[in-house]
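*Asks:* Whenever a hint applies, use it, and build me the whole structure from the sequences.
Chains A and B, in that order, give the protein sequences.
Letter 207 of the first sequence, counting from 1, is numbered 285 in my numbering, and no numbers are missing.
Letter 15 of the second sequence, counting from 1, is numbered 64 in my numbering, and no numbers are missing.
Among the clues, some could well be false.
Once the Cα atoms are required to be at most 27 angstroms apart in a straight line, the calculated DSSO-like pairs of lysine-lysine come out as [claimed, not checked]:
#1 A/286 x B/118
#2 A/233 x A/243
#3 B/118 x A/357
#4 A/273 x B/108
#5 A/286 x B/71
#6 A/273 x B/133
#7 A/357 x B/108
#8 A/145 x A/399
#9 B/108 x A/254
#10 A/234 x A/212
#11 A/164 x A/506
#12 B/68 x A/336
#13 A/399 x A/433
#14 A/273 x B/139
#15 A/273 x B/71
#16 A/286 x B/68
#17 B/108 x A/286
Worth flagging that the hints you see were computed from the coordinates, not collected in a lab.
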Amino acid sequence: MKSTLKKELRKNGYIVQPVVGDSMMPMLDEKSDAVRLVKYTKKLKEGDIPLCLSGGKYVLHRIIQVKKFYCITKGDNRSATEKVSKRKIVAVADGYYKSGRFISFDDPEYVAYCRKVLSPDYFYISPELVYTAKLYTAAVKESFPPYPDTNVDWKKITAICKRQKISASVYFAAAKISDSIPGEVFSQFRADYDKNLRKEILFEQERKAIFEAFENAGVLYMPLKGIVINTLYPHRGMRQFADNDILYPEEKRAQVSKIFQSRGYTSKLSSGVHDVYLKSPIYNFEMHRTLFASDSPYVSFFADIWQRAKRKSGSCEYIMKDEDFYIYFLAHFAKHFCGGGCGIRFCGDLYILRKYLFEKPGFDKSYVENAIKKLSLCGFEKEICEFTRNIFELGNFSDTKTLSSFMTASAYGDVERQVIKEIKSEGKAQFILKKVFLPYTQMRKIFPVLSALPPLLPFFWAFRLISCFTDKNKRKSAFFKLKIWKNTEIKKSNNR
Amino acid sequence: MRVLNTMKGVPKKAGQYMKLIKGFIITQVEDGYVAIVAGGESLRNENMRKFNGMIRMNKTAAYIAELMKNETNEETLVRNFVEKFRTDEKIARENIQTVITALSGAGLIQ
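*Replies:* Here's what the structure looks like:
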């Protein structure tokens, strides 16, 4: 394309190019629109749309800040910004074709749109994100879903559902309006539900066997998170999950490991809060020794959770009391929300928990209120409950910024968001130093020998750095984070 | 029963002993029963993959399949079916042969 582009620009002074992707929606729709590009004259301003060569691809985003040697750009339909060297700019747009009609950048309507997009409050959310949220909420609360618009993009909706891990849930809404959904799309929702139902049944069987082994070995255990929440959803197999979380006493670690190994599991033992046990084809058990890491603000509240939980008569199984379960869920939700973000399924879980737990006779709401105050979760709970109530109970999807934050994340959050948050709170230099020279307390968890030999810390720093380059996955992760670090600008005006 | 017409089955002979493969799980769900096999084998089987690793059945098919977890033959199944559902032998045999054909076609009978 580069040679064609230069040739056309030289010959005609401009080139018309169709667009690919949705990063400049609603201005540019890849299904119907094209952009007119002219020569780059080196005089750029905020609002301009340059065509840049980035990583071997052409990217067309809007300038939100101009610097001496580079610009900060952002897609109209994106929250992340990019740093683009002026040397990488090959052309600049001066107008575009919207469904065949040419719109110049001098057009008053476009000027007004540009002003709106550049304002700090601007937020665009695609119709597919909103409709997927509507399908999901209708499914979970078992109400009739809205019918789709005729031009809705089902490919985008299925991709959103997959990323959010809500296809099995959305199936229940889709089943009510199946005549309005393309056959192959509905079949895919059905297949995803079937797969999840199968997974749930298999996990139930496996869990039964593992709990039997725990009972025989006298290992106390407490089912957590999805094991409990799944049972509260309206339909079996409706809520997708990745693993089973179980709490057990730390002193039984060796015994638990033996039990899992005898059942053919491989283990990923960690010095953190949990060990992971895996068995083909789908089994994934996270065995928690504590609910939160020792440096978590929530750890002391849950320190005596075994004493507060109820033991099932004649069994090693403990059931967390409803109030503690809700508080634990909220703390876990806050951890994901404030970290790399999280998907809409957390809101679904919140809706379900509040519906079933809060209505139970004897549920102690004042206990929950006091605990949330103690854990400084009041503000978070208020905000998230209001948002959840709006979308589930009132059918109000007007808070597009929060909705987009949930719907554009993956189910458990994104590394990119987490990294950007860390960079913006700590500063770029501090972020890099902390990543390269991990604190001793963290290094000790990764390399337990440091507990006995702290002077070896510099050696293990070097070892860890080298392994980042020798291990393919670590290298990929490190370069990914480095790219985000390079492109993140730390200025108030860029905090969109 | 929803007959799995797309499956090719190899009907077992009346006196021939048969048994479901190891790891077979039958469980009741909202709209009937489902049969799955614990382990990845079911998804390596082409027929099971068509049904997302799960076969849906009604109550009578689930009853027959449950009996087939232990080694049995068609005659024994017919006797049990007649007694359980108080029906005649012809209907029992038709139902049983349908189920055997479907499960055999899914590679679930050894």
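*Asks:* Would you mind marking each hint as holding or not holding in the structure?
*Replies:* Hints and how they fare:
Between the alpha carbons of residue 286 of chain A and residue 118 of chain B the distance comes to roughly 19 angstroms, so the proposed pair stays at or under 27 angstroms and holds. Proximity of residue 233 of chain A to residue 243 of chain A is assessed by CA-CA distance (about 15 angstroms); at most 27 angstroms being required, the pair is judged to hold. Taken as a hint, the residue 118 of chain B and residue 357 of chain A pair is honoured in the structure, with Cα atoms around 24 angstroms apart against an allowance of 27 angstroms. Distance hint between residue 273 of chain A and residue 108 of chain B is fulfilled; the C-alpha atoms sit about 21 angstroms from each other, no more than 27 angstroms.
Between residue 286 of chain A and residue 71 of chain B, the direct Cα distance comes to roughly 17 angstroms. Compliance with the 27 angstroms bound is thereby established for this hinted pair. The hinted pair formed by residue 273 of chain A and residue 133 of chain B fails the criterion: a straight-line CA distance of about 32 angstroms is larger than 27 angstroms. Of the pairs offered as hints, the one joining residue 357 of chain A and residue 108 of chain B is violated, with about 32 angstroms between alpha carbons and a cut-off of 27 angstroms exceeded. A hinted pair counts as satisfied when its Cα atoms are at most 27 angstroms apart, and residue 145 of chain A with residue 399 of chain A does not qualify at roughly 57 angstroms.
In summary, the hint linking residue 108 of chain B to residue 254 of chain A is supported, as the alpha carbons are separated by about 25 angstroms, within the 27 angstroms threshold. A distance of roughly 15 angstroms separates the Cα atoms of residue 234 of chain A and residue 212 of chain A; the hinted pair therefore holds under the 27 angstroms criterion. Using a Cα cut-off of 27 angstroms, the hinted pair residue 164 of chain A and residue 506 of chain A holds, with the two alpha carbons roughly 22 angstroms apart. Between residue 68 of chain B and residue 336 of chain A the CA atoms are separated by roughly 33 angstroms; this puts the pair beyond 27 angstroms, and the hint is violated.
Under the criterion of a C-alpha separation no larger than 27 angstroms, the hint pairing residue 399 of chain A with residue 433 of chain A is consistent with the structure, at around 16 angstroms. About 36 angstroms separates the Cα atoms of residue 273 of chain A and residue 139 of chain B, which puts this hinted pair outside 27 angstroms; it is violated. Under the criterion of a C-alpha separation no larger than 27 angstroms, the hint pairing residue 273 of chain A with residue 71 of chain B is consistent with the structure, at around 20 angstroms. Restraint check for residue 286 of chain A and residue 68 of chain B: the C-alpha separation of about 24 angstroms stays at or below 27 angstroms, so the hint holds.
Pair hint residue 108 of chain B plus residue 286 of chain A holds up; C-alpha atoms about 24 angstroms apart against a cutoff of 27 angstroms.
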